[in-house]
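S.K.: Okay, here's what each chain looks like letter by letter:
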Amino acid sequence: MRNPLLRPRALVAAGAAAALALTAAACGDSGESDADITWWHIQNQDPLMSTWQEFADDFGAEHDVTFDVQPIENQAFKDRMGTASQSGDVPDIFHTWGGGVLAEQVEAGLVQDLTGKLDCIDQINPIALEPYTIDGKLYGMPFDAGVVGFWYNMDLFAEAGIDAPPATWDEFLADVQALKDAGIAPIALAGADQWPGHYYWTYLAMRTVGLDGLEAAAEAGDFSGDGFVQAGQMVADLAALEPFQPGFESATYGEADGQSAVMGEGLAAMELMGQWAPQAQRDNSGTDGPENLGFFPFPTVEGGVGTTTEWLGGGNGYAVAADAPDEALDFLCYFMEPENYSRAITEGNLTPVAVDTAAVAPDLNEDTQKVVDALATATGTQLYLDQAYPPAIGGVINEATEGLILGQLTPDDFVSMVNEAWAAEE
Amino acid sequence: MTTTESPRVSPGRPDRREGKSPRKRSGRPGAGTLATFIAPGLVLFLLFVILPVLFAAYVAFFRWNGLGGVPTDFVGLENFRNLLQDEVFLGDLWRLGLIVVLSLLVQLPISFGLAMLLHQRFPGRTAFRLLFFVPYVLTEAVTAVLFRLVFSPRRGFADSLLANLGVDSQVGWLSDREIVMFVIFGILTWKFFGFHMILFLAGRQNIPDELYEAAAIDGATGAQAFRSITLPLMGPTVRMIVFLSVIGTVQLFDLVYVLTGGGPFHASETLAITMYEQGFQRNQIGYASALSIAMFLISLVFALFYQRFVLNRDLQGSITTAGNRS
Chain D
1 MRNPLLRPRA LVAAGAAAAL ALTAAACGDS GESDADITWW HIQNQDPLMS TWQEFADDFG
61 AEHDVTFDVQ PIENQAFKDR MGTASQSGDV PDIFHTWGGG VLAEQVEAGL VQDLTGKLDC
121 IDQINPIALE PYTIDGKLYG MPFDAGVVGF WYNMDLFAEA GIDAPPATWD EFLADVQALK
181 DAGIAPIALA GADQWPGHYY WTYLAMRTVG LDGLEAAAEA GDFSGDGFVQ AGQMVADLAA
241 LEPFQPGFES ATYGEADGQS AVMGEGLAAM ELMGQWAPQA QRDNSGTDGP ENLGFFPFPT
301 VEGGVGTTTE WLGGGNGYAV AADAPDEALD FLCYFMEPEN YSRAITEGNL TPVAVDTAAV
361 APDLNEDTQK VVDALATATG TQLYLDQAYP PAIGGVINEA TEGLILGQLT PDDFVSMVNE
421 AWAAEE
Chain H
1 MTTTESPRVS PGRPDRREGK SPRKRSGRPG AGTLATFIAP GLVLFLLFVI LPVLFAAYVA
61 FFRWNGLGGV PTDFVGLENF RNLLQDEVFL GDLWRLGLIV VLSLLVQLPI SFGLAMLLHQ
121 RFPGRTAFRL LFFVPYVLTE AVTAVLFRLV FSPRRGFADS LLANLGVDSQ VGWLSDREIV
181 MFVIFGILTW KFFGFHMILF LAGRQNIPDE LYEAAAIDGA TGAQAFRSIT LPLMGPTVRM
241 IVFLSVIGTV QLFDLVYVLT GGGPFHASET LAITMYEQGF QRNQIGYASA LSIAMFLISL
301 VFALFYQRFV LNRDLQGSIT TAGNRS
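Quick mapping for you: the protein sequence lines, in order, are chains D and H.
Residue numbering for the first sequence follows UniProt numbering, beginning at 1 and increasing consecutively.
Residue numbering for the second sequence follows UniProt numbering, beginning at 1 and increasing consecutively.
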């Protein structure tokens, strides 16, 4: 008796494709719960995962509010935030990197204007507020800020006979070759995640055309300048040396065989990554990380206008939903109370955003200190492009960099893809 | 047909007899009953299937990031035009075709063969049936996580096994653009062969043994019996499994998304993954809706044509006679 079944099956089949459309159109994964405050964050590993939960529990007990705290893995968080934004119902407090993604959420009326509402805001270094400031209004509170640079395993560099970190791109390529000759995978990269790859193109563009050139291109929506094509070519040249760990094409950042675990286990000599890298190397590999971990800025490019004191960077912060209760704002400041904040910095090795760093973190971990020093002497910063630009463009830059690294796109393809994405966004 | 003397009318409800339509007495439900039973399903179907399809079809004509309010930037057929020039979309179609062809040529014959084997009587038959069905019970996401571990470079189960056999595997199971689709096909086969096998087995068990006895008496060999009895009578089962397999492939998402995210650089991307990335990661809901409409049309056209031209014999009675009754 199969026949009677077939008819509804056909409807189901036809309808199932439609159900996907349904998800796109109507459904959303919101912070729907009975709790007074929903909080989505990406500190999904201990120690900070427990610390964050304790903050919520303690604040909740003090102020008689209930929390629904959801630690979500980075990539999954971006996906869920996307659907939540489209459904128009975002969690009361959610992680943000600021920039174009936050701007799009602000434009949709989902985010609360925090200007003048946070008593604790003057404890925070004004530079750290920039990515969260849109049209002169503040829409997020940072708890961490730092820069992206090369974290390198000094012992592996020594093994390859390299005694000083490279200062120029040519030296860098020579070092990559030296590491390869010594049988060491020079660079750890999470190819499948795309965003770690986009740091390379961005930094090379920053070194060729400089920060001003990058800003002008973004304003005009035109990346056809020679410097950008050159940056693409240099990414391709680097990839042609096959500097990455085996299987990097399908590797993610945070998995047990991913980019940061590979670094943590000393299976690759360096990675281009932000301030969170040393902690992530330990967390994801389950080891103590490389014994001697060094940090050097992205090298300069001959003939380019960029300098090593211009950093790609950004931080981590929290935004508050437009319809969140006032307690959510109080909680952000509770977070910044010196004893809590210094605890977060110490346990999670965060890079402090406090004006008075010494007060909250008298003795910083040495890796964090390197980032703090870099930020202190920075002459310019650029927010990660996949956050600084609207998602449609950031996504294309990530995708196109993967294409360059895998030899599937030429530098000219890259430029035309990015230009088309800007044109469509106008 | 008379009305008042119908033996089917319940004598316990004489007051309802008068003025009622004869249909009711002939054993068919009245409009009220029909409405009561059909309405819940129909409302849900309209609300969660038809309405979203219409909404997606509407949104597909706009450029819209999905944030706040309703779409306003009407762009006509631009999204569809872009779709037809999108190498990723065209690649998705090619990969869809590849998986469908491989399924029909490899996966279904394997399932069929196993079903024939497990139809025989031998010790442990039930255990084998159970074991083969187990992969189907796992969710696709769990399967994908499992196989990410199996194919992890160097230390994964696959590479370790090969190393123990003395083979230094340099294969990038999930990282080599040339082979990733075949690895995914292998995983799909592992996941679904048991399900297809059970359906084939059920189909085989529906064939009466008398036919084989008669054939044996007539002097038919085993091969002849297989060709003239088993194959033709398994026809409806085969046709339905092919149908399910194709529709399932069109919608392939979770397993591949968790396994490779569609990478490296689109090498394993499916229609649903492209739609998801455009819609939810890049906030291009208009474009993603156009893509979802394309998927819907592919499924619909295939379903209709397949039913009309392939399943028409199997479906006789369920479609055509509905209007002839009464």
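Be careful, since some hints might not be right.
To be verified - A few chain D residues facing chain H, derived, Cβ under 10 Å:
#1 S85
#2 A240
#3 L241
#4 Q245
#5 E255
#6 G394
#7 L406
#8 Q408
By construction, these hints were calculated from the structure, which means they are not laboratory data.
Every residue gets a Cβ at the ideal spot worked out from N, C-alpha and C, and that includes glycine.
S.K.: Next, verify each hint and record whether it holds.
M.R.: Do the hints match the structure? See the list:
no. : hint : in the structure
1   : S85  : 6 Å, holds
2   : A240 : 16 Å, violated
3   : L241 : 17 Å, violated
4   : Q245 : 8 Å, holds
5   : E255 : 7 Å, holds
6   : G394 : 8 Å, holds
7   : L406 : 5 Å, holds
8   : Q408 : 5 Å, holds
The structure does not agree with the numbered hints 2 and 3 stated previously, though it agrees with the rest.
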